[in-house]
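Build the full structure now, drawing on both the sequences and the hints.
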Amino acid sequence: MRNTELRRRMSEYFGEDWAPSYAKDIVHAELGGHTVEEALAIGTEPSDIWRAICRHNPDVPKHLI
Numbered sequence: 001m002r003n004t005e006l007r008r009r010m011s012e013y014f015g016e017d018w019a020p021s022y023a024k025d026i027v028h029a030e031l032g033g034h035t036v037e038e039a040l041a042i043g044t045e046p047s048d049i050w051r052a053i054c055r056h057n058p059d060v061p062k063h064l065i
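Going by full-length UniProt numbering, the sequence shown opens with residue 1, and the numbers climb by one from there.
Honestly, the hints are just simulated from the structure, not real lab data. The structure presented is a predicted model; accordingly, all values stated were derived computationally and were not measured. Worth double-checking, as some hints may not be accurate.
[Said to hold, decoys possible] Heads up, simulated SDA-like pairs for lysine to any residue below, C-alpha to C-alpha not over 25 angstroms straight-line:
#	residue 1	residue 2
1	24	1
2	62	22
3	62	12
4	24	14
[Stated by the list, open to error] Just the calculated beta-carbon pair ranges, DEER-fashion:
#	residue 1	residue 2	range
5	33	63	24 to 32 angstroms
6	21	64	16 to 24 angstroms
7	42	62	24 to 32 angstroms
8	65	44	13 to 21 angstroms
9	47	26	12 to 20 angstroms
10	57	32	13 to 21 angstroms
11	41	62	23 to 31 angstroms
12	38	18	15 to 23 angstroms
13	42	63	25 to 33 angstroms
14	56	3	14 to 22 angstroms
15	30	3	12 to 20 angstroms
16	2	38	13 to 21 angstroms
Each residue gets a CB set at the ideal place from its N, CA and C atoms; glycine is no exception.
Structural data, given as structure tokens:
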């Protein structure tokens with residue numbers, strides 16, 4: 001998965017206004033205590049980040065998983 005696809009899915013699920021805030025403010029234990037932005041900056045694969053987001057938010061629609 002590319003970074004652009006990660007951001008597209010985040011925008012579709014969280015909404016365009018909230019997705020950027022989620023990416024920079026919400027810390028995930030599964031990402032080593034990092035936010036999405038921090039995880040990307042240290043080289044975490046976008047697909048691994050998306051899987052962590054889906055586990056943290058179990059109501060993500062199936063078509064986005």
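Failing hints, ascending? none
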